[in-house]
Amino acid sequence: DAGITQSPRYKITETGRQVTLMCHQTWSHSYMFWYRQDLGHGLRLIYYSAAADITDKGEVPDGYVVSRSKTENFPLTLESATRSQTSVYFCASRPVSRESYEQYFGPGTRLTVT
Amino acid sequence: SQQGEEDPQALSIQEGENATMNCSYKTSINNLQWYRQNSGRGLVHLILIRSNEREKHSGRLRVTLDTSKKSSSLLITASRAADTASYFCATGLTGTASKLTFGTGTRLQVTL
Chain A
1 DAGITQSPRY KITETGRQVT LMCHQTWSHS YMFWYRQDLG HGLRLIYYSA
51 AADITDKGEV PDGYVVSRSK TENFPLTLES ATRSQTSVYF CASRPVSRES
101 YEQYFGPGTR LTVT
Chain B
1 SQQGEEDPQA LSIQEGENAT MNCSYKTSIN NLQWYRQNSG RGLVHLILIR
51 SNEREKHSGR LRVTLDTSKK SSSLLITASR AADTASYFCA TGLTGTASKL
101 TFGTGTRLQV TL
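Protein sequence lines correspond, in order, to chains A and B. Heads up: the first sequence at position 96 corresponds to 96 in my numbering, and the numbers run straight through without jumps. Heads up: the second sequence at position 69 corresponds to 69 in my numbering, and the numbers run straight through without jumps.
If we strip away everything but chain B, and leave its shape as in the complex, we get (with noise of 0.2 Å):
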């Protein structure tokens, strides 16, 4: 079964809008992580959260991790274009931190 699960499915927005995507785990984890995948590409890492961070910010890109609810948040602020691709989520899970575990993605589509 999946640990991740990412919600929404899809997301289409317009250029310049922010785009939030939801990511909710079953177990406890030891970090989750977030992956940008471009059509026909491989995964591209973006961030890692521990489970002891609630919030972290890179360029555009802010998580939160509230492992109470167990579930993660990932905010592209003012979207280009170019944000379009299947952003997943991945957990590594207490103990066994060299696995990840995936979810299933949310496709987001940014139009001019």
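Next up, chain A with everything else stripped away, as it sits in the complex (with noise of 0.2 Å):
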């Protein structure tokens, strides 16, 4: 299906596990982005992307890896699972474009770390 997709939707897992969370986008789109969204927080940009192995720190990267090694994907592991961790991460794309900033989202994934 076209789109913008998230693997698994929710996870559960526990303090020190390493856990991969998949993002994948049928457009091509060179722009992929990572935010984690918190209770009084909004969302928080973790790491981007302008294109295949090419990614940079956000805001929030502590803790994190990301890798490109294709366009359409863009995963992102927490390499040792802390409880602050437990959150819902959101994965968007955009294409380059001067004429649209728009950024396309996926569903999330819901994240327990207990």
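Read the hints as simulated data drawn from the structure, not as lab findings. One thing to keep in mind: the hints can contain errors.
Quick list of simulated restraints, FRET-style, between CB atoms [stated by the list, open to error]:
#: 1; chain 1: A; residue 1: H41; chain 2: B; residue 2: S28; range: 42 to 52 Å
#: 2; chain 1: A; residue 1: T15; chain 2: B; residue 2: R54; range: 42 to 52 Å
#: 3; chain 1: A; residue 1: T114; chain 2: B; residue 2: R60; range: 42 to 52 Å
#: 4; chain 1: A; residue 1: E79; chain 2: B; residue 2: N38; range: 38 to 48 Å
#: 5; chain 1: A; residue 1: S67; chain 2: B; residue 2: P8; range: 39 to 49 Å
#: 6; chain 1: A; residue 1: V65; chain 2: B; residue 2: R60; range: 20 to 30 Å
Every beta carbon over 10 Å from chain A, so not counted as near; a handful from chain B, in silico [as the list claims (entries may be wrong)]:
#: 7; residue: Q14
#: 8; residue: T20
#: 9; residue: T64
#: 10; residue: A78
Ideal placement from N, C-alpha and C gives every residue a C-beta, glycine not left out.
With the hints as a guide, bring the two chains together.
Below, the structure is given as structure tokens:
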């Protein structure tokens, strides 16, 4: 299906475990983003990528790792999950365009770290 | 620190009324966008206004931007129950237009 998808949609993991959240988009958008959404903080940017093999830190990158070997995929890995990483994670993408800066969001992954 | 702050945090109105929510930001921007988020879903883009624009319309939405006051407002006219959602402003900063910084959102409840 066309669009942007995230998997899993729900995940419960234990403190200290490694977990990877997947993001896949079918539009060949150059830019991809990872956000976390927490009550009282809105959305905060974790990492973003301007193209395959180009990634950069956002506002809250500590404890997270990203990679982008293919344009369509942008996985987010929590190397050693902590309770403070319990959150809803959103992936987004947008094309390279001087006319539109609109981002397209996935449905989110609700992650609980116990 | 958040670039955008929405006001009010929560708003409850009756169907047919207008809803106004405001966003303030701190630094120079390239563009400002408004997004809607229904409960448990991802964000959906509503409208974008550039830093050289003062007002923009899209259907029942009207957005204004005052760069001298570093503020924007979103007006939804003739609200419907389906407009119940959280609304977020997001700013694209000058020189870093690929990234957006989101505010904390306004939760709008439209009752019948």
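**OP:** Go through the numbered hints given earlier and state which of them the structure violates, listing their numbers in rising order.
**Re:** 1, 4, 6
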